[in-house]
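J.: Chain residues, written in single-letter form:
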Amino acid sequence: MANHTAINTLRVKEVNENQCHMCMPLGGVIAFKGIEGAMVLVHGSQGCSTYMRLANVEHFHEPVDVASSSLNEKQTILGGEKNLNKALDNVLRVYQPTMLGILTTCLAETMGEDMDRMIKSYMQSHPSIGVDIIPVATPSYGGTHSEGFWATTRAVIAHYAKPCESHNRINVIVPNISPADIREIKRILGFFGMEYTLIPDISMTLDRPYGGRYQKIPTGGTSPADISRMPGAPVTIQFGKTCPDALSPGLFLEQQFGVRLVNLPLPIGVDNVDQFVAALSSISGQPVPEQLTLERGWLLDGMADAHKYNAEGRPVIYGEPEMVYALTGICIENGAEPVVIASGSPHSKLKDLVGPMISDLAEQPVLIEEADFASIEHAAVSAGATIGVGHTGGKFLTERHGIPVTRIGYPIHDRIGGQRIFSAGYAGTLAFLDRFTNTLLEKKYSSYREKKKEEMFNHIRG
Amino acid sequence: MEHDCSLASGSSGCISERQNSIITTGKNKSRIHCADDSLAGAVSQRACVFCGARVVLNPITDAIHLVHGPIGCATYTWDIRGSLSSDSEMYRHSFSTDLKEKDVVFGGEPKLAACLDEVISKYHPPAVFVYSTCVVGMIGDDIIAVCKDASERHGIDVIPVESSGFLSGNKIVGYRAAAEAIMKLIRPKPGEVIEKTRKLNFLGEYNLGGEKWLIERYLNEIGIEVNVAFTGDSTVAALKQAPGSCLNIVQCTGSMHWVANNLEKEYGIPYMDVNFFGAENTADSLRRIAAFYGDPEIIRKAEVLIERELARITPIIAGYRKKLTGKRAAIYVGGAFKAVALIRQMKDLGMEVVVTGTQTGKQEEYETISGLLSEGTIVVDDANPAEIEKFLLDMKVDVMAGGVKERVLAYKLGIGFVDHNHDRKECLAGFDGAVTFAREVYITTCSPVWKHLKESIGGV
Chain A
1 MANHTAINTL RVKEVNENQC HMCMPLGGVI AFKGIEGAMV LVHGSQGCST
51 YMRLANVEHF HEPVDVASSS LNEKQTILGG EKNLNKALDN VLRVYQPTML
101 GILTTCLAET MGEDMDRMIK SYMQSHPSIG VDIIPVATPS YGGTHSEGFW
151 ATTRAVIAHY AKPCESHNRI NVIVPNISPA DIREIKRILG FFGMEYTLIP
201 DISMTLDRPY GGRYQKIPTG GTSPADISRM PGAPVTIQFG KTCPDALSPG
251 LFLEQQFGVR LVNLPLPIGV DNVDQFVAAL SSISGQPVPE QLTLERGWLL
301 DGMADAHKYN AEGRPVIYGE PEMVYALTGI CIENGAEPVV IASGSPHSKL
351 KDLVGPMISD LAEQPVLIEE ADFASIEHAA VSAGATIGVG HTGGKFLTER
401 HGIPVTRIGY PIHDRIGGQR IFSAGYAGTL AFLDRFTNTL LEKKYSSYRE
451 KKKEEMFNHI RG
Chain B
1 MEHDCSLASG SSGCISERQN SIITTGKNKS RIHCADDSLA GAVSQRACVF
51 CGARVVLNPI TDAIHLVHGP IGCATYTWDI RGSLSSDSEM YRHSFSTDLK
101 EKDVVFGGEP KLAACLDEVI SKYHPPAVFV YSTCVVGMIG DDIIAVCKDA
151 SERHGIDVIP VESSGFLSGN KIVGYRAAAE AIMKLIRPKP GEVIEKTRKL
201 NFLGEYNLGG EKWLIERYLN EIGIEVNVAF TGDSTVAALK QAPGSCLNIV
251 QCTGSMHWVA NNLEKEYGIP YMDVNFFGAE NTADSLRRIA AFYGDPEIIR
301 KAEVLIEREL ARITPIIAGY RKKLTGKRAA IYVGGAFKAV ALIRQMKDLG
351 MEVVVTGTQT GKQEEYETIS GLLSEGTIVV DDANPAEIEK FLLDMKVDVM
401 AGGVKERVLA YKLGIGFVDH NHDRKECLAG FDGAVTFARE VYITTCSPVW
451 KHLKESIGGV
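One line per chain: the protein sequences are A and B, in this order. Its first residue numbered 1, the first sequence is counted upward by one per residue in the UniProt record's numbering. Its first residue numbered 1, the second sequence is counted upward by one per residue in the UniProt record's numbering.
Please note that the accuracy of each hint is not assured.
As the list claims (entries may be wrong) - Mimicking SDA-like on lysine to any residue, the simulated pairs with C-alpha atoms at most 20 Å apart in a straight line are:
#1 A:Lys395 - B:Gly244
#2 A:Lys216 - B:Lys100
#3 B:Lys390 - A:Lys395
#4 A:Lys74 - B:Pro110
#5 A:Lys216 - B:Asp37
#6 B:Lys425 - A:Ile217
#7 A:Lys443 - A:Glu369
#8 A:Lys86 - B:Lys122
#9 A:Lys216 - B:Glu109
#10 B:Lys100 - A:Ala137
#11 B:Lys122 - A:Val381
#12 B:Lys425 - A:Lys82
#13 B:Lys425 - A:Asp414
#14 A:Lys162 - A:Asp114
#15 A:Lys13 - B:Pro110
#16 A:Lys13 - B:Glu109
#17 A:Lys13 - B:Lys122
#18 A:Lys86 - B:Leu84
#19 A:Lys395 - B:Leu84
#20 A:Lys13 - B:Asp37
#21 A:Lys86 - B:Asp37
#22 A:Lys86 - B:Gln19
#23 A:Lys82 - B:Gly376
The hints are simulated quantities; they were obtained by calculation from the structure and are not laboratory data. Given the structure is predicted, the values throughout are model-derived calculations rather than measurements.
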């Protein structure tokens, strides 16, 4: 076992300066948008829903409609039921969803709104609306958007799943990854000829191809009928090594319905994709298809080409725990030893998971949980980081310290194409690796002549 | 084939309770409803009180902006504006007390006090603004008292901004909270005298894409100095000199009329509304400012500048007008000030404005807007995506001006888009801004991409 005391952790201070995470209901919005026919309503003040729309619009470049119960001062005293009912009337009428997710905000939670009772009462007075309403408690102060994502996915499964006959359709539960990565995971599943229920599936709903009539609720997403049959699956593959047990959808299915859980890391990096492919091969009884072997070969070939450049990199890795865990793996595999590993989440299992991976490194990275960018920036500069790996929040690493950032994860607000960032599978890993290596090379080539002259020639002359 | 609206059949796109918030010029005799709270479930494009306060105060460059609440409110407004700074970059940092469950249960005052001590000791800012959020208002933290204590402890201004989101679904209420904070900041301490100067204050100017600097260059050229802008590229020290000005010019009236009125009451500084969006508006504003000073030299220099700049940009804009004449435009923005300026600019480019709306327009502002528009134009207060979609398609709009959320919807419908929001990066003010604006409208309205997109949805 790794000696965890060797990990150099940084204590977080009182104030959070430059946030590395977003709020709990935001993750819930993304998860709900991956369910077929779903619309989302945020029970709270108007601003919350608008901000969450904005955050998603800027990442996905898609309209992301989120309704609000628009609570005002009066309702914080009298209770929000009247507004909630009104909001339900309006949103059901205009959007005609088949499923409506309701996320609470810190305001509604602090008011102590009894969501279950209010929804039950609404359903009773509207017996023929034909819409599933699923509330999830997501107070902003209860966790980060990662926890909101898991909690919502779990709640959706808990709502629909019921005991059913065994079948061959496996369950696949993904964390908050790009639509492009979901499509890649589906492609790999397809190689093994397996039927599956992947949840939540934002690959079509939050990355719409152009053409045809505009849809308020885009087609795509995981179908409730499929979700209801998840308990009959032979196995659940969940990419959720860092998911807290209490929020784990896969663990829920295992504990409630006895569906075997194979909890894997995100399939980014050779080892991680190998684990995924091996699991599929074992579950399906099929050999690894030739195409995947080829793609693995191209990845290894690319790693050989890039390893010396990568070894010059001193990465600072940050973001959602599941992504950070996978990225730590791929950086170490490629000889780019991380100097800072950080997540805004206080609840992840990151420290324990990363421990064994970093115990052999020459230099122990700084590990920060519940991180903000002030602490990440400080650690990165102290450790002489040369490249950032993560979302837009790291932009000050570049602006202030000249440390370039390879963008990956959520949110990407200062570049186009957050929804298309492709990093999963062997092919995606290679695509990520090229982006990472080229970021290092661009930085190196933009300054090395100057630097060498400064370092060496000026000494002779001077 | 026309591309259909995605509204389900039998739905008008408008929720019946929203009827009075939408008028068609020439047809409706009734006045538009624009003081209502956002309707629950209508998917309003509006934000909240906190957002209003944050966008007004955020460009004060050397202050610390500390959001007292759970993490969401801070993270969504981190570096939200395109305001540029000539010096300090402190305003681009996002500080939050990051309240957790135990703080909500036991009260957040101790954490706020600790955070204040921490940031003030670390950065020695000249002032800290403390924004209250929904939860803070709910649990009743006395931020006024905590700020007062911290202010005494550290000898700097620690100013509470009472911006709990739920106070209203209207940013205007947040503008007021920010305005009150500004007045607190600039009020001289007892015995302190701010000397009167011939400089002016520039209110409702946020230095997006360097706009304040451009207008300041014009003013300097004609012999007028800017004391301080509220709040683009301002510092705490500069704002404290505000009472020494002889004139306030007010650009964004929604955020700053209240401040201008109070500066007049407390310090006897008169104000005038100005507008630097569009060449004609810019020329008119410069003339009126020059006239206020009444100095023949200033007036002469203003005319020289206007003549020179108009001669320079008129042919360029005429080139764009040729391409844009007859195109149909929609506008959906935060405030009426911007809507009015945009209507004029779009019309100057030969375009017809067929839809106009705002998040925070007032009754008299909507009357001004309606007066500028031809009959049959749709005017909407507090719109939502369903309405915007419907009106863009019904009115066969070619290009829309608005914010980020409207942008992606317009693109989905195969319609051009111009960002006129608070995080934009382009300078759209002054004579140069008028050219940039015309170019922005042209490159999107006349882009070759729409040809392929429209073919793929079976449209024209």
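J.: Run every hint past the structure and note whether it holds.
T.: To see whether the hints hold, each was checked on the structure:
For a cut-off of 20 Å, the pair hint linking A:Lys395 to B:Gly244 is broken: about 39 Å separates their Cα positions. Taken as a hint, the A:Lys216 and B:Lys100 pair is broken in the structure, with Cα atoms around 35 Å apart against an allowance of 20 Å. For the proposed pair B:Lys390 and A:Lys395, the alpha carbon gap of about 38 Å is over 20 Å, so the pair is violated. Proposed proximity of A:Lys74 and B:Pro110 is contradicted: the alpha carbons are some 28 Å apart, above 20 Å.
In summary, the hint linking A:Lys216 to B:Asp37 is not supported, as the alpha carbons are separated by about 24 Å, beyond the 20 Å threshold. For the suggested pair B:Lys425 and A:Ile217, the alpha carbons sit about 31 Å apart, so the restraint of at most 20 Å is broken. A threshold of 20 Å between alpha carbons decides the hint, and for A:Lys443 with A:Glu369 the separation of about 29 Å lies outside it, so the pair is violated. Using a Cα cut-off of 20 Å, the hinted pair A:Lys86 and B:Lys122 is violated, with the two alpha carbons roughly 48 Å apart.
For the hint linking A:Lys216 to B:Glu109, the alpha-carbon distance of about 43 Å lies beyond 20 Å, and the restraint is violated. Between B:Lys100 and A:Ala137 the CA atoms are separated by roughly 15 Å; this keeps the pair inside 20 Å, and the hint holds. Restraint check for B:Lys122 and A:Val381: satisfied, since their Cα atoms lie roughly 18 Å apart, inside the 20 Å limit. For the given pair, B:Lys425 sits about 41 Å from A:Lys82 by alpha-carbon distance, which is inconsistent with the 20 Å threshold.
This hinted pair checks out: B:Lys425 and A:Asp414 have alpha carbons roughly 12 Å apart, not beyond 20 Å. Between A:Lys162 and A:Asp114, the direct Cα distance comes to roughly 25 Å. Violation of the 20 Å bound is thereby established for this hinted pair. Proximity of A:Lys13 to B:Pro110 is assessed by CA-CA distance (about 14 Å); at most 20 Å being required, the pair is judged to hold. Using a Cα cut-off of 20 Å, the hinted pair A:Lys13 and B:Glu109 holds, with the two alpha carbons roughly 16 Å apart.
Of the pairs offered as hints, the one joining A:Lys13 and B:Lys122 holds, with about 12 Å between alpha carbons and a cut-off of 20 Å not exceeded. Restraint check for A:Lys86 and B:Leu84: the C-alpha separation of about 42 Å exceeds 20 Å, so the hint is violated. Annotation: proposed proximity of A:Lys395 to B:Leu84 holds, straight-line Cα distance about 16 Å (limit 20 Å). A threshold of 20 Å between alpha carbons decides the hint, and for A:Lys13 with B:Asp37 the separation of about 39 Å lies outside it, so the pair is violated.
Between the alpha carbons of A:Lys86 and B:Asp37 the distance comes to roughly 13 Å, so the proposed pair stays at or under 20 Å and holds. The suggested pairing of A:Lys86 with B:Gln19 holds, with an alpha-carbon distance near 16 Å, which does not exceed 20 Å. Between A:Lys82 and B:Gly376 the CA atoms are separated by roughly 36 Å; this puts the pair beyond 20 Å, and the hint is violated.
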